[in-house]
Amino acid sequence: MINVGEVLLNLWNSSGFAYLFSGFAAGGWQNLAMIAIACVLLYLGIGKKFEPLLMCGIAFGCLLTNLPGAGLYHDELWQAFMNPDSPVYHSYGEILKNGGLLDIFYIGVKTSLYPCLIFMGVGAMTDFGPLLSNPKSLLLGAAAQLGVFAAFFGAVALNLISPDLGFTGPEAASIGIIGGADGPTAIFLTTKLAPHLLGAIAVAAYSYMALIPLIQPPIMNLLSTPEQRKIKMVQTRQVSKTEKIIFPILVTAFVALLLPDTAALIGCLMFGNLAKETGLTDRLSDTMQNALMNIVTILLSTAVGATMVGTNFLTVQTLSIVVLGVIAFGLSTAGGMLGGVIMCKLTKGKVNPLIGSAGVSAVPMAARVSNTVGQKNNPSNFLLMHAMGSNVAGVIGSAIAAGFLLSVFLPAVS
Amino acid sequence: MNFITAAAETAVDLENISILNASIVAVLGYAVVFVGLIVLMAVVIALGKIFSAKKKTEEKAPAAPAAPVVAAPVAPVEAPAAPGTAGQLKLYDTPPKTAAMIMAIVADKLGKPLNELRFISIKEVK
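Protein chains in written order, with my numbering: chain A, 6 to 419; chain B, 13 to 138.
By construction, these hints were calculated from the structure, which means they are not laboratory data.
Treat the hints with caution; some may be incorrect.
Dumping the calculated DSS-like pairs for lysine-lysine here, alpha-carbon to alpha-carbon at most 25 Å [unchecked claim]:
| id | chain 1 | residue 1 | chain 2 | residue 2 |
| --- | --- | --- | --- | --- |
| 1 | B | 121 | A | 235 |
| 2 | B | 68 | A | 246 |
| 3 | A | 141 | B | 68 |
| 4 | A | 249 | B | 72 |
| 5 | B | 66 | A | 249 |
| 6 | B | 135 | B | 124 |
| 7 | B | 135 | A | 249 |
Next up, chain A with everything else stripped away, as it sits in the complex:
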C-alpha cells in the first residue's frame, strides 16, 4: 500500500514553499524580497501606468524567475555561458538542453535580436520629416547626450568614495546609457557590456522614461526665461517623399561606417523607416509597427525581468544605478536645454529652447512635454512638430553614443 504520508512529505519537500521557509536564511529571503519588488513593479505598471507595456512584462518575468523550484531561468547557466574557462562557454546548445522557458526567451536578448527588432518597429513608427525640414535639430539631439557621458563619469568616480559603490568601465558605460532615454539601446549595450546589471538598468531606464513629465519641466523652467519659452517658431518647409526615402539609406551607410558596432541598431531602425516611407511595403511596415513589435515586447520584457534574481539585484549597486539613472536623465535634459538656449541666442530668438529637452530620445513623450510646457507659457504656441525633430535626432544620437561606448569597452569584456 502506498505510503500517503511519504507522498505528501515528498510533495512538500519538492515545493517552492519548503525552499522559502527551510532555506530562508540561505537565500529564500532574497526570493521573497524579489517577489515583493515584482509586485511593486506591477503596481507601478498597472496602477500608476508607468510604461505598462514594458513594466508589466518585466515585473511578471521577475515574479516568475524568483519562484523557487519553478526552474524557468537559470542564472548559473548564463554565468557558465559567459565564463571562458567553462566547457559550455558560449554554448547555446547547453542553454536549450538544460534551460527553462525564460532562458530560451533570454537567448533573444543575449543575441541582441529583440532590441534590434524593437528598433525596427520604432523606425516604422517614426516620421523623420520634422528632422529633415529642420536639420539643425540634430544638434539638440547631440547636446542631449550630456547625461550619458556625465553619468558614465559619475559611475567611475564612485570608486573614489568606495570600491564597493563604484563600477568598472563597461558597467559605467551601461549605466550612462540610461541618460539616452532609449530602452532598446540601453538593453542592447548592457547585454554586451554588463549583462549582470541588465535588470536594474532596464527597470531604471523604463521607470524614468515614464517619469519624464515629472522630471523634465522643472529643469526646463530653470534653464530658460519666460520670454524664451513664449517664442513661436515658424513653420518649416515641406519634405518630399524622395528625401524621406533617401534619408534612412543615407543614415544607415553613414553611421554604420562611422561606428560599425551600432550598425545592427541603426540598420534596423532605418530599415523599419524605409519600409514605412516607400509606400510600397505597407504590409511589412504594418507588421513591424504592430504584430512584430507586440510579440517582441512580450519576449523582451519577460526575459529582462527574468534576469532580476535576488543575488544580482539586491545589492548596493542597484541603488547606485537608480540614483545615477535619474542624474543621467536630468543632465541629458539640461544638455538639450542648454543647446536650445544657445541656438535661441544665435538665431536671435527664432528657436524656442524648450525643443532642446526633447533631444533625449523617449519618443514621443519628451516632444509632448516640450509642447505642453510651451503651451503653458503661450497657449497659442504649437511646438510639437519642432520638438519631434530633436526627439528623433535624440534616437540617432543615443545610438551613436552607444556605438562609441561599445567600440571603447567591448574589447575589455570579450
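Chain B: place on chain A using the hints.
The following block gives chain B in isolation, referenced to the frame of chain A:
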C-alpha cells in the same frame, strides 16, 4: 597586428578605468556624438538644397516656351471651398466633418471664439 596588440593592452586598463581615462572617454564620446550628428546635419542640409532647387526648376519649367504641346496637360485642381465658408476655407483631402472638428479643437485650445479665427486651408499631411 600592432593595432590588435594595442587594443588588447588598452582593454586591460578599461576594465578598471581610472578617473583621468574616464574623463577622456566622456569628453571624447560627447565630441564624437556631436561630430557625427554635425556631419549628418550637413548632409541633410545639402540633400534639402538639392531637392529645393529641383522643385524650383520643375515649377519654372512650364512657364518657359516649350515644344508644341501634344495633349493639353491637366491643370492642378483647385480644392473646392468648404461648405458655408463663402469660399474662404480650402480643404485638401480633408472631409468637412474632420475640418469642423479641427477648427473647434484649435478654437478651444486657443481659448478664442471660432468666429474670431480665420482658417485659410486645411490639408492632410500624408
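Verification of the hints:
1. 121(B) <-> 235(A): Holds, because 16 Å separates the two Cα atoms, which is no more than 25 Å.
2. 68(B) <-> 246(A): 16 Å, holds
3. 141(A) <-> 68(B): Holds. Residue 141(A) to residue 68(B) sits at ~23 Å (cutoff 25 Å).
4. 249(A) <-> 72(B): 24 Å, holds
5. 66(B) <-> 249(A): 15 Å, holds
6. 135(B) <-> 124(B): Roughly 22 Å separates the two Cα atoms, so the pair holds.
7. 135(B) <-> 249(A): 19 Å, holds
Violated hints: none; the structure is consistent with every hint.
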